[in-house]
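Novice: Sequence:
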Amino acid sequence: MSKMYSTANLSDKELKEQGNRLFGLHKYEDAINCYTKAI
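Following this note's numbering, the numbering of the sequence shown begins with 777 at its first residue and continues without gaps.
Warning: the hint list may mix true and false statements.
Restricting the straight-line Cα-Cα distance to at most 30 angstroms, the calculated cross-link-like pairs of lysine-lysine (DSS-like) are [unchecked claim]: (1) 803 <-> 789; (2) 792 <-> 813; (3) 803 <-> 792; (4) 803 <-> 813; (5) 789 <-> 813.
These are calculated hints, taken from the structure and not from any lab test.
Make the full structure from the sequences, and use the hints.
Specialist: Right, dumping it as structure tokens:
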């Protein structure tokens, strides 16, 4: 995951929302990492 996107203290819902934002920015690998951490 890119260093500019910290997910250390995010809830599952916040991780999903972060993934959605990253997906919208075409940062697919980072989005997948957020989704994976959320589940």
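Novice: Next, verify each hint and record whether it holds.
Specialist: Cross-check of the supplied hints:
no. : hint        : in the structure
1   : 803 <-> 789 : holds (19 angstroms)
2   : 792 <-> 813 : holds (9 angstroms)
3   : 803 <-> 792 : holds (14 angstroms)
4   : 803 <-> 813 : holds (16 angstroms)
5   : 789 <-> 813 : holds (10 angstroms)
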